[in-house]
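Participant: Input sequences plus hints: build the corresponding full structure.
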Amino acid sequence: MNFEKGDKVAVLDDDITGFVTGIKKDKIVVNVDDFELEFNTSELIKIADEPARFFANVSVQQVLAEKADPKRKHVVKDKASKKEPFSIPYDLHIEKLVKDFSRMSNHDILTIQLDTARHHLEHAIRNRIPRIVLIHGVGEGVLKTELDFMLSRYNNVTFEDANYQKYGIGATQVYIKQNV
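In the UniProt record's numbering, the protein residues as written are 1 to 180.
It should be emphasised that the hints constitute simulated quantities derived from the structure, not laboratory data. Treat the hints loosely; a few may be bogus.
[Said to hold, decoys possible] Pairs of lysine-lysine residues, derived as DSBU-like cross-links and limited to a Cα-Cα distance of at most 35 Å, are as follows:
#1 Lys96 - Lys177
#2 Lys166 - Lys144
#3 Lys96 - Lys46
#4 Lys99 - Lys166
#5 Lys46 - Lys99
#6 Lys8 - Lys46
Facilitator: Next comes the structure, spelled out in structure tokens:
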């Protein structure tokens, strides 16, 4: 696009308009509020007194208005209940952990579940997460018994049955003491 002194121009990626005051090799000098700024020709667009139309009768002003930051909407967030503290749930059901477990023995399944629980617990301890919930299900109680044994070996951990209304019978809430 050819620019001449006196042309009114706008910067494409900024909310800046001004008048061309000089033309150097590949730069256009623009006066913006009594400041001289240099731009590449590809960064500028000429603004005519009447709105220029490009695609489907859309003016430059409409394009620039669309590029402007939209006003942020005020969103009111629900406050968490003070009665029930925040905790991260981890589901230990085998179908949630591996794609195909049909050829696995019960021992292999239990090992994967316990390793996953240990991994999540260690992650919570490292990252100072105060509580997690391990969802183990009801079943015959083998996984729950093994989880109880594993959790009892940690000095900085206490545990209890999780909220029945939220998780049902088969879940254990684990509390991690941070100042140990």
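Participant: Hints first: check each against the structure and report whether it holds.
Facilitator: Here is what the structure says about each hint:
1. For the given pair, Lys96 sits about 28 Å from Lys177 by alpha-carbon distance, which is consistent with the 35 Å threshold.
2. With a CA separation close to 18 Å, the supplied pair Lys166 and Lys144 stays within the 35 Å bound.
3. Between Lys96 and Lys46, the direct Cα distance comes to roughly 59 Å. Violation of the 35 Å bound is thereby established for this hinted pair.
4. Restraint check for Lys99 and Lys166: the C-alpha separation of about 26 Å stays at or below 35 Å, so the hint holds.
5. For the suggested pair Lys46 and Lys99, the alpha carbons sit about 59 Å apart, so the restraint of at most 35 Å is broken.
6. The suggested pairing of Lys8 with Lys46 holds, with an alpha-carbon distance near 6 Å, which does not exceed 35 Å.
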